[in-house]
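For reference, the chains in residue letters:
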Amino acid sequence: MADPSFITVAVITVASAIIALEFREIIYGAIALAISLLGIAAFFVLLDATFVAMFQVAVYVGAVVVLVIFTIMLVRREAWMAVPEGRRKVMGLLIMFVTMFGLGAIFISSSLTEQTVPEAKFTFQQIGEQMLTYYSPALIAMALTLAGAVIGALALAKVELGGSKSGSDN
Amino acid sequence: MAAIIDYVIISAVLLAIGIYGLTVKRNAIRMLFAIEIIVNAANLNLVAFSRNLSVPNITGQTLALFSIAIAAAEVAVGLALIIVAYRLYKDIDVKEFRSMKG
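Chains as they are written, first to last, in this note's numbering: chain V, 1 to 170; chain G, 1001 to 1102.
Simulated from the structure, these hints should not be mistaken for laboratory data.
Note that CB positions come from ideal geometry on N, CA and C, so glycine has one too.
Wrong hints could be hidden among the right ones.
Stated by the list, open to error - Simulated restraints, written as ranges between beta carbons of each label pair:
no.: 1; chain 1: V; residue 1: T113; chain 2: G; residue 2: E1096; range: 42 to 52 Å
no.: 2; chain 1: V; residue 1: A147; chain 2: G; residue 2: T1059; range: 23 to 33 Å
no.: 3; chain 1: G; residue 1: D1093; chain 2: V; residue 2: L94; range: 17 to 27 Å
no.: 4; chain 1: G; residue 1: Y1089; chain 2: V; residue 2: V150; range: 17 to 27 Å
no.: 5; chain 1: G; residue 1: D1093; chain 2: V; residue 2: L93; range: 19 to 29 Å
no.: 6; chain 1: V; residue 1: I27; chain 2: G; residue 2: N1057; range: 34 to 44 Å
Taking the hints into account, I'd like the entire structure generated from these sequences.
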């Protein structure tokens, strides 16, 4: 059965995920998202995946959330705080509960509940070996994808700067 | 030590929250938050199954590392698109993005 540390991390993760989506001021939402991602990192530690946890903290909390916060500072407007949601919100909640309880019922009735936790000893050397042997083509492809995505992002932002200048001339 | 079913349930809850966010929110940055939450639910599943297989296998962790890196690239492109859209429409409400024309 679940232990107290698991329950604490689960409550923090889920609550801050909800806050990230629902808090009126979006910059506090971004901070709540950071806390939620830290909670996921804590789950990775509980799962004996310390290297993945470290990677998660470095990439998500260190890079992604900071990037998001800077973007929010660039584009933030007061008008966002009062967007009416109305009927769409009811539909969204309905879809959320159907997904949650449907998937939950399927998982609880499955044989996953009978699984026992085996002894495991993971080291980062194993991850490194896998990355440099079997997954080395995927690693190269991922590196190229990252480079392409970053260059593409820069090009998108830059070209549009020139475009908006010529647009203001018209 | 929590069993695998606990992690899978948490993952399903996070997935449902992410789907709710994608359905209801019209702010592009909030939709990006929802996507992040969904990706993290998937990563949690990968690592949990990697740890709790009857013969634990580290491949799940390797795949989670790949997934985190790709998600970071996706956020960079997504935020660049949001900034471009903000320059064009002076708003990031996705309801305003009616045309693909610049």
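Structure-based check of all given hints:
{"no.": "1", "hint": "T113(V) <-> E1096(G): 42 to 52 Å", "in the structure": "holds (47 Å)"}
{"no.": "2", "hint": "A147(V) <-> T1059(G): 23 to 33 Å", "in the structure": "holds (25 Å)"}
{"no.": "3", "hint": "D1093(G) <-> L94(V): 17 to 27 Å", "in the structure": "holds (23 Å)"}
{"no.": "4", "hint": "Y1089(G) <-> V150(V): 17 to 27 Å", "in the structure": "holds (24 Å)"}
{"no.": "5", "hint": "D1093(G) <-> L93(V): 19 to 29 Å", "in the structure": "holds (21 Å)"}
{"no.": "6", "hint": "I27(V) <-> N1057(G): 34 to 44 Å", "in the structure": "holds (40 Å)"}
When held up to the earlier numbered hints, the structure conflicts with none and fits them all.
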